[in-house]
Structure formats: structure tokens, C-alpha cells
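**Q** Chains as they are written, first to last, in the working numbering: chain D, 1 to 323; chain L, 324 to 646.
None of these hints come from the bench; they were simulated from the model.
The hints are all genuine.
Covered stretches of chain D (chain L as the covering partner; in silico rule of three or more C-beta atoms under 8 Å from a C-beta of chain L):
| hint | stretch |
| --- | --- |
| 1 | 85-97 |
| 2 | 238-250 |
| 3 | 261-267 |
Keep in mind that this is a model prediction, so the values were computed, not measured.
Just so you know, even glycine gets a beta-carbon here, dropped at the ideal spot from N, CA and C.
Number of protein chains: 2
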Amino acid sequence: MLALYCDDNRQVALQELPAPQPAPGEALIRVTLAGICGTDLQILRGYHDFKGVMGHEFVGVVAGPPGSSWLGKRVVGEINVSCGDCDLCRLGMPRHCRTRRVIGIKDRDGAFATYLTLPEANLLAVPLQVEDEAAVFTEPLAAALAAVDAARLPRKSPVLVVGDGRLGLLISWALALSEAQVHLVGHHAEHLSLAEPYGVATFLEKDLPPGDYAAVVETSGAAAGLDLALARVRPTGTVIMKSTYVEPYPLDSANLVVPEVRLIGSRCGPLGPALRLLARGLINHRALIDRRFPLSQGLEALERAQRPGVLKVLLDCGRQPGD
Amino acid sequence: MLALYCDDNRQVALQELPAPQPAPGEALIRVTLAGICGTDLQILRGYHDFKGVMGHEFVGVVAGPPGSSWLGKRVVGEINVSCGDCDLCRLGMPRHCRTRRVIGIKDRDGAFATYLTLPEANLLAVPLQVEDEAAVFTEPLAAALAAVDAARLPRKSPVLVVGDGRLGLLISWALALSEAQVHLVGHHAEHLSLAEPYGVATFLEKDLPPGDYAAVVETSGAAAGLDLALARVRPTGTVIMKSTYVEPYPLDSANLVVPEVRLIGSRCGPLGPALRLLARGLINHRALIDRRFPLSQGLEALERAQRPGVLKVLLDCGRQPGD
Numbered sequence: 001m002l003a004l005y006c007d008d009n010r011q012v013a014l015q016e017l018p019a020p021q022p023a024p025g026e027a028l029i030r031v032t033l034a035g036i037c038g039t040d041l042q043i044l045r046g047y048h049d050f051k052g053v054m055g056h057e058f059v060g061v062v063a064g065p066p067g068s069s070w071l072g073k074r075v076v077g078e079i080n081v082s083c084g085d086c087d088l089c090r091l092g093m094p095r096h097c098r099t100r101r102v103i104g105i106k107d108r109d110g111a112f113a114t115y116l117t118l119p120e121a122n123l124l125a126v127p128l129q130v131e132d133e134a135a136v137f138t139e140p141l142a143a144a145l146a147a148v149d150a151a152r153l154p155r156k157s158p159v160l161v162v163g164d165g166r167l168g169l170l171i172s173w174a175l176a177l178s179e180a181q182v183h184l185v186g187h188h189a190e191h192l193s194l195a196e197p198y199g200v201a202t203f204l205e206k207d208l209p210p211g212d213y214a215a216v217v218e219t220s221g222a223a224a225g226l227d228l229a230l231a232r233v234r235p236t237g238t239v240i241m242k243s244t245y246v247e248p249y250p251l252d253s254a255n256l257v258v259p260e261v262r263l264i265g266s267r268c269g270p271l272g273p274a275l276r277l278l279a280r281g282l283i284n285h286r287a288l289i290d291r292r293f294p295l296s297q298g299l300e301a302l303e304r305a306q307r308p309g310v311l312k313v314l315l316d317c318g319r320q321p322g323d
Numbered sequence: 324m325l326a327l328y329c330d331d332n333r334q335v336a337l338q339e340l341p342a343p344q345p346a347p348g349e350a351l352i353r354v355t356l357a358g359i360c361g362t363d364l365q366i367l368r369g370y371h372d373f374k375g376v377m378g379h380e381f382v383g384v385v386a387g388p389p390g391s392s393w394l395g396k397r398v399v400g401e402i403n404v405s406c407g408d409c410d411l412c413r414l415g416m417p418r419h420c421r422t423r424r425v426i427g428i429k430d431r432d433g434a435f436a437t438y439l440t441l442p443e444a445n446l447l448a449v450p451l452q453v454e455d456e457a458a459v460f461t462e463p464l465a466a467a468l469a470a471v472d473a474a475r476l477p478r479k480s481p482v483l484v485v486g487d488g489r490l491g492l493l494i495s496w497a498l499a500l501s502e503a504q505v506h507l508v509g510h511h512a513e514h515l516s517l518a519e520p521y522g523v524a525t526f527l528e529k530d531l532p533p534g535d536y537a538a539v540v541e542t543s544g545a546a547a548g549l550d551l552a553l554a555r556v557r558p559t560g561t562v563i564m565k566s567t568y569v570e571p572y573p574l575d576s577a578n579l580v581v582p583e584v585r586l587i588g589s590r591c592g593p594l595g596p597a598l599r600l601l602a603r604g605l606i607n608h609r610a611l612i613d614r615r616f617p618l619s620q621g622l623e624a625l626e627r628a629q630r631p632g633v634l635k636v637l638l639d640c641g642r643q644p645g646d
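So that you can see chain D by itself, here it is in the shape it has in the complex (with noise of 0.2 Å):
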């Protein structure tokens, strides 16, 4: 099969290999589509340390193995693989398993190939009226409800998203359907503009009215959207951060102590809410989309990614060059 796959010095290159062979419990995946995301594109940066088949955004179709209750269906799946049997997943806590493994991340290969196999403990059936271009969202967009989650919503005073990529769209989205007063900062009034629609007022940061907020969450990805969510979180509020910066921050650490504010790490989330959210048509999932790539234009595909104010950049893993 056809893969992008990374090796030990962070070269990515399209691949022939031989297709997984799940392993018991676990189902072969046929992609369909798969979803670029920033973690992929810091792993070429070498902020992880990952070897293998990228990728963990994805939609398919289960192709084995024969007998599976799950055969045909269309699927997503949660992107960690847990062991179910250490104190955390005791917990209840399997995205933070002592040994887990995520595909395309972290010991495990992932979805920038034509298969690709998971337990089918992670699986989801994908509802008829979630078309695969809406499907291929539900990882980020479970993330996006997760950081919803930890913000803890004011419902009083507005919410402040700094970010306006795709992260931070999906999130003052997912704000804005939950009643929020939502408030976004960016750069890219194009980007903005997707965001009205919901009711989200929206701000280019040079035009960003004074003034503090309960809560903020980070999604730009650089240092200086942490700088300005600190700055305009109010006492005792709470930021969420949803990126990772590849340079450690310079925490001033009077700015979280002395107003007692709390910073909270957001990473992931669970996928049926998602779903479910995607399946009531509620997310503008369409105007994310930059550009579909078929798997074998692969590396043109991570190249437009990285290019700033890309949005979603898609694979088209089952199409093969001449479908």
C-alpha cells in the first residue's frame, strides 16, 4: 500500500508497504480521507519523536478482518490506544494510558496510507448523514469540545479565542453553539469571517477592545498568543492552552500567581460528542477545507499545510493516481 511515512530523521517520503494485519481485537481500515493537522506538521519539525506512517485524522471503511461485526461500515476512531489495565485507565482516563500508543504520533502507525488497523474498541460508526469531508473533522473537533470543556463557560461575560486557524474556529464555534459570548483574535480577516456566522464577534488583534476575560483559550500556535491570553485573562480566571510551541515559554510567573490564574493543558477529547455535533449539521465543516490532495501528491499535500493561514489540507487516501 501507499504511505507517507516519516523515519528516524524526521524525512517524510510516500512509501510502498506491505498492508498492517490487525492484530486480534482489532479491525483493518480502509482511509478513505484523512486530515492534515498541526501535530503532523511539528513532528516534521521535531517536536516528537515519532517514526512510522503519519497521520491521525481520518474516515474509512472497515475491510477486515473477515467475520468482523464491523465489516463495511464507515468508521472514525479514537486516536489512542490504551492498555485498559494501568491506573490511569482505571481511572478512567485511557487518553492518558502509562503505555499508550497514538496512531501517527506516538508508536503506532497512523492514517496518511491507503490501511490502516485499530482496535475496534476505538471505533465509531459514522452516521448516514455525516458526509466523509464533515467525518474527517471529528478528532479536531472533539479536541475543540474538550478545551470547551475545561474553559468551564462564563456564561455572564464573553469568551476570548486567540487563534483564528482551523483549532480556533471549530472552537468559537463549538463555544458559540453552547451559548457562549464568544470573542475571536486573529490575523486573517478571511479566516474571521467564518466565524460570524455563529454570532462570534470578531477582532483583528490590533482592534481588540480593552479589557479582561473569565476565560481564554490559546489555539495560534505561537508564543505570543500565550503573551496575549495571559494579558487579558481577568483574576482568577482560567486559559486554556491548546498549543504547543516548539521554544520553551518564558512564564512570567508572577502573571499566574499573583492574579491566581489558572492555565490548563487541553490536548484531546472524546469522539462521540463530535459526531454527534457534526451529525446535527451544525459545523460549517466545508469552510475549513482548503485543498484535497490525493495520497500520492502526499508531500505537495504536508508542503501547502505548512504554508501560513492554510487551512484544512485533506488526503484523499482511496483515490490512487489515475482513479
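Since chain D is already given, all that's left is putting chain L on it; use the hints.
**A** Just chain L, lined up with the frame of chain D:
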């Protein structure tokens, strides 16, 4: 009156100043005993931008104005002077008042002096059974209790306190008194031994057993303390930051985002519960006292308080040379 005064250039000197005049609604307090705190030492190192009489930990006796119902009462006082009218005061956060002044820390003269003024609304009467040497710990104990509250105690698993200084000891004692299992890690065997009667398990850093903690309270005042806290907090766990550091802390964002850790700043707390705890006689305040100096030897006292490993240094503000 005599006062320890910090000027524009962070030079501290003993000065003869006129006694302060209480504004309407304020009391004049004759200071009996005052404590030197890490914040005072940070002011000398340029951490805050404070000019005025230093000091915020105190116990004293109300000496004016004539006719005050507080006259002659032994008191401690809330150190934040708030407006009562801004949005944060109205939201019940007077310690975060938009225009707050803080005695000895921010825009208001402090307690290292013969006299101090404070709004009567800030005063708390000290119960008879609380001696001056205990009452002077009300403010730091209140800060310790706030950190305990912020840690949202897990009952089933131990809490780690990093740092065996004054605050680390107070916090570990307060945690133990609230039925938590407490591990305290530090560098001074003689300090660690003060926590053992409270049932706290104590460790020199090199002996801390492996494992992680649902909650860690960092009190060390050193970046290495936060390194340890972040290394030892469990995924989805909480790190309470009590310390501030003069230099920016190089935060690896992945240490918050990937394990979804909560980093929560904590500064100060309400005095009432601290005073009640002192009245119950459960805080071994005498063990925390390193030495008492008369105010006239305030510079020597500050010097001593800066030595590594020194616990609480007190100033006898009521005792005059030759008393």
C-alpha cells in the same frame, strides 16, 4: 516613629517618619510583632516596584482614632485594601480589586514600623488564646490554606509539597490537618523533621520515591521546584504555584498540553479560617521562628532572613532600644 523604608532604588533604611494618620474608616495600629516574608525579600531583589514602609505580616493593637470601637483590641489585618466598587470587588474577589493597594507590597505603607493604618473593615480581632507569636502567622497560614483549597484534594492518593521552607511547612501541616496524605520534599533534614509529627512523609529530593501525584504544591521559590512539580504531577493533575521566580520560567508547553495538566497560581487567602486554626492550637508556630529582632535591628533581620535555610524572622516593632 521608626520604620524600615524602601526607596525608589530598592535601598532599605531605618528611618524616623511621622506616625501615619488614619483616614476616615481606618484604624491606627501599634504594631507588636511583624514577620519577614519571601515577598519582602523579593522586593529587595527588584521583583516588585515598591516604595514605602515594608512589611505585611503583623499583629498589633488598635491605638486610634479616638472613639473607635476597635480601640485597644489586638488585631491582625487583611493586607489587600480594596475599593469595594469595581467589577472584581462586586464579584466577590476583593483581594483582586482593580485598584487594590497592598500594605508593604503595592502603593501602601506596611507593618515594619511602630504604627500602621488599615481600614477597620480589614481588621480581625485575635482570640485570647492566640499569642502574638502565633497571630503573626495568620497571613502566611491564610495563604497556605488557599493553596490547599486550590489543590482540590484527592483523598485517595498523596499530595506532594515541594519545598521545606516556611510556606512549604505551613502548607504540608494544613494539608495533613485536612486529612490528606502528604509527601513533603526538600533540602533541609531539620526542616523536614518539623512536618513528621503531623504525619507527613518527608523526603530529601534524592530519596523521593518514583511515582506521580494528582496534586503538587510548589513552594520552593526556585525554578527547579517547578521542574520537579511538573515532572511528578499525574496526567490531568494539578500543580499549585505558590512561588514566584525572579527570572522567567522556561515552560515546555508540551508538559501542560499533552498530559492535560492544570497549573494554578495561588497568592493569598482569607484570614478568618487561618486565625481559627491557630486558635485550635494545631499549628506549631514556635518551631517556625528562627529569631526575633527589635525593629531597630531591622536591617540585620532582613539580612538574616535572606540566608538559605532560615525559617521565620520576626521584628519586635513594639520593643524600643533599651526596653
